[in-house]
Each structure stands twice: as C-alpha cells, then as structure tokens.
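We have chain A; now place chain B onto it with these hints.
Below, each chain spelled out in residue letters.
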Amino acid sequence: MPLTAAYTSQKPPLAEPVERLRDRIPGWGVDLDPADRPSFPRESLDLRPEGANWDLPEQQPHSGYRERSIEHADLTPVFGTAQPLKGVSGAVRRLAYDRYSEGRAAHWLLLMAGDRIDVVGSTLRSFASTRPDNLIAETGIKAEFTHGGARSRLGHGRADLHHQWLDPLIVAGPWVLAGFGAVTAARRVARLRRAG
Amino acid sequence: MKAMVYRGPYRVRVEEKPRPRLEHPNDAIVRVTLAAICGSDLHLYHGLMPDTRVGHTFGHEFIGVVDEVGSSVQNLQVGDRVMVPFNIFCGSCFFCARGLYSNCHNVNPNATAVGGIYGYSHTTGGYDGGQAEFVRVPFADVGPTKIPDWMSDEDAVLLTDATPTGYFGAQLGDIVEGDVVIVFGAGPVGLVAAKSAWLMGAGRVIVVDHMDFRLEKARTWAQAETYNFTEYDDIVVHMKAITDNLGADVAIDAVGAEADGNFLQHVTSAKLKLQGGSPVALNWAIDSVRKGANISVIGAYGPLFSAVKFGDAMNKGLTLRMNQCPVKRQWPRLFEHVRNGYLRPSELVTHRVPLDDIAEGYHVMSAKLDGCIKPLVVPSAA
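In order, the protein sequences belong to chains A and B. Throughout the first sequence, residue numbering follows my numbering, covering 9 to 204 in sequence. Throughout the second sequence, residue numbering follows my numbering, covering 2 to 383 in sequence.
Treat the hints as calculated values from the structure; they're not laboratory data. Note that the coordinates shown come from a computational prediction; the quantities given were computed from them, not determined experimentally. Treat the hints with care, since some could be wrong.
Claimed, not checked - Stretch by stretch, here's where chain A covers chain B in the computed footprint (C-beta under 8 Å, at least three residues):
(1) 7-18
(2) 56-63
(3) 94-101
(4) 110-117
(5) 200-209
(6) 299-310
The beta carbon of each residue, even a glycine, is placed where N, CA and C say it ideally should be.
Extracted from the complex, chain A is given alone in its bound form:
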C-alpha cells in the first residue's frame, strides 16, 4: 500500500489558491500581520486604558460582612451588591468562602449546594408571598407553542432532544425525594408522639 502525503515532510497544498480566497471572501487576510491584531502581544505596559486616572481606585463604601475569596488579600476596591448572603443558603456559601480556597473542590461544591438550598427555600417562601413562583410559566414552555416547538423536533432543529428523557428525572427528582423525605420525617415524628 503506498504511503500517503501524511508520511512525507510536505505541507499539503491549499485546496483553494490565495487569489481565489481573496476574491471570494471580503476582507480575506486584512489581519494577516499579527501587528494588526489587537491582542498581539498578549501583554504590554502601553495598553493601560484611557480614563483610569488613578493608581488605586477609591474604595467602594461598605459596612458589615462581604464574602470574599481567601485568595484575595482584601476586599476589592469595587464589588457587586446584587444579592447579599442570607438564610441557610447564605451560611453554606459563607462557609465555602471563609474556609476553602478556589483551588478546593469543597469551595465550589458548597456553593452549588448553597444554590440548591436557595432555590428550594426561595420557591417555598414565594408561595407565602404576593408573588408566588409559577413553576410552569417561568420555564417559558409557552414558547413551544409560539416558536415552532413541534416543528423544531424534526431533523436537527433543536438542542435538547438527545437527553430529554433524563430531564423529568433531574428536574423533578430532587422535589420528589425532598417530598418523600418530608413525609417520612413527619410520619416518624407522629409515630414517636403516639409512642410517647
């Protein structure tokens, strides 16, 4: 069997000559020279952006606890204040920040646990509020009827078909398990009371 070009020192020829590429593709090669590429070189001390008229930015005012990575020396000069820590999820997140660096899986896994606790707690609390969660409408499922949901199932038209059979398990599973746990716990308490 003859050896292919892959086993020689030759670079395979271009499928299309440069002249044709230049004709066919508007702008072909305009950034061929690395000097025309804005992120070349990657780092340079003459790239400080205009407008930063300070060496160290003024500190954003704050009071009380603001979580931060223990890899930071201090609270950064500016930070977001969107959703401060609160409740049980806040305690879990605070543990993640105060105890574990970004290099530890425990840091991120605790934050993910905090996220799930936050969702369950916020959803349950919403049912006692003037704006309860609408678990159906918030998924945007209405779009299935207004944006070609059925049509998109034919051919390679949508992204979520391959693993969709898993979704009920993953979305509903934790709620079913939590419900099962709550019922079991309630029964146990009732039984203990009767026995007592």
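Frame of chain A, contents of chain B only:
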C-alpha cells in the same frame, strides 16, 4: 424598574426591582435600550455556574443611555448613548495595566480566577446584569464607549461580547497564511471566529456543530465548510480524513461547558453538574489537530474540574491558549471591520424578545427553537 430575575434552574421571570444606585464615585447608571441573551447565559440558566443566587439579573451584553453619573466620572455625560463591554475592569491594576482587561483584580472579591462580569453570578463579582431597564456600570470612565453615529444598535450590542469574543478566539489560534482552522460550535461566537479566521489569512475554515440551521449560517455568513457531527461515526476520524490525515493547524473551541456529542460528558456536566463543563468540543479539538498545533478556547467553562484529555495535548505538543475576551482592546479594529463590511454582526440576530417575555426567550435560546442563533432583549422602557 422591570428586570429579568433568576428563580432556579430553567426558571426565570420579570420582576419589579429597585432601580440600581450609584455605589462608587466612578459608577454610572445606564438605561438599557437593547440587551442580548448569550450562549453562556445558558450555563447560569441551567444551574451550572456556582453561586448563582435566586433574584440575580443576568445579561452581560447590553447598550443604553447614560442616566446618572458618579461624582468622579469625567468621560461620560447623562444622555450619552453607550455600549458597555461585558468585562467590568478598573483600568489600573497589575492586569489591566498590561492589557488583560478581562482579568482585572480589583472588581471581583468572590474569586481571583475570574474577573468581573455583569449579570454572571456572584462568582464573577455579584453584579446584576443588563437584561433590565437600568443597570449599574462601575468604572464608567474606563469600560463604556460612546456608540459611533454610524453604528446600528444591533451591531453595537453584538460588539459587547459575541463579536469580539469570536474574533479574539481566532487571534488566540495564532493563524498564519494558509492554515487549516476548525471551529467547533456554530453559535454567534463560533460564526464570528470562523469569519475572523479568514480575515487572519486562513486557507481553509471548517465548522462543526450538530444543528443544521446553524451550519447553514456558517456556510452562508462565514463562507465555511461545515460538518454535522451526528452524521459521522467518529468526527475526529473524519476531521483527520479531510485534513490529509495530519490534522488541522488550529482548532477553536467555541462551545464550552454544555457541549453535546458524548453522553457521559454531557450528562455528568450539563445535567448532573459534577464537572465544570463538558469538554467534548475541547477534546475533539485536541484530537483533530496536527501535532504542534494551536488550540484556542473561548467557550466558557465553570470553575470545577473537567475531564480534559491533557495527555493527548501534551504528547502532541499542542499550545492551548484561552481567556475571557478583553473586549475594549478589540473595539478599534472591529469598528473598522464592521464599517468596511467585513463583519456584519447584526445579521446573526434571529429573535427580538420583549423583556416581559424573557422566560420564553430563554426557552427558545436554550432549546434552539425556531432557528434561534441570537436573541435580543428589548426592555420595556427602551
């Protein structure tokens, strides 16, 4: 004000929230006139990004009008029409001073491994984003730029992330004349990366995805050669076969955390959140290139570990380059490319969603219904 609000994985709604206020002398408040849903917003929407808090407003792609400025702001005035890079950056720290605006050290106390990003969880600093009527913009003298008169709103909003990120991805590949470039992912970022590879002198640009309508866009908009990976038993073997059995010179991962194509990878990351991301596209990139090639990663991954084939990357002598895009560095050159018609970002827009219908907008983008490539969000006060 009205704002998109996260309620849990796969659940968002519009709520009335307090209008943001100036919290630092160099803050501005911007009234959002147009925003976008990014593919990376889906990682938050699907619950994959740690420390995504209920009540968070997403949105790191937005433009608007300056509504209020802090006491030290000098470069912007109330009424200015501005585009805002998705990076929040101070302009003066060790990293900003060297051009690494996306790695700013002064804006994100929650993590040192990532800079500040609007509306992208507390892992990136805890800033609410622009899928709202108003948004707080820190370091108003550094990040935002007045939108040139000749530029359309839709081009401007796509220049806040998707377009510069795609273009940056092609740069990370260090493309030289005649290179064979494979782009994994035909979303807006992948499409721009493919188009940008031509601008940098590629000799052949190949795009791989699994949605035919996106591959069609890659052929017509980015003049690329396309392959649907679901039609091949082994896409890596096919990539080798069409590149003289040597492999491509450059590959770009424009997919990131929720890549499909490998059941175990997809389920353990996108569904069960046990990995920082599903590195299917990255692993295909590693295996599809020639020895000594460059890999560019602009797909977003979470901070947890991912099952990447580093052994192959090491043994092949690959160079892996990656970063969040420092958007403002790209703008002067990209403004020229848009003005000259070499890049036409607004042609990627497929949907315009009122803020009130944000839940449907996210579902359409997540499931890729109705030929969705890039959905924009129109705030009611716009």
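Query raised in the report: Holds or violated: the region 110-117 of chain B covered by chain A, criterion of 3 or more residues with Cβ-Cβ distance under 8 Å?
Result: holds (count 6)
Query raised in the report: Checking C-beta pairs, does the region 94-101 of chain B have three or more residues closer than 8 Å to chain A?
Result: holds (count 5)
Report task. Examine the region 7-18 of chain B for residues whose CB is less than 8 Å from any CB of chain A, and state whether their number is three or more. Result -> holds (count 8)
Query raised in the report: Are there at least three residues in the region 56-63 of chain B whose beta carbon sits under 8 Å from a beta carbon of chain A?
Result: holds (count 3)
Query raised in the report: Has the region 200-209 of chain B got at least three residues whose CB is nearer than 8 Å to a CB belonging to chain A?
Result: holds (count 5)
Report task. Check whether three or more residues of the region 299-310 of chain B sit with their beta carbon closer than 8 Å to a beta carbon of chain A. Result -> holds (count 4)
Every hint, counting from the list given before, is met by this structure.
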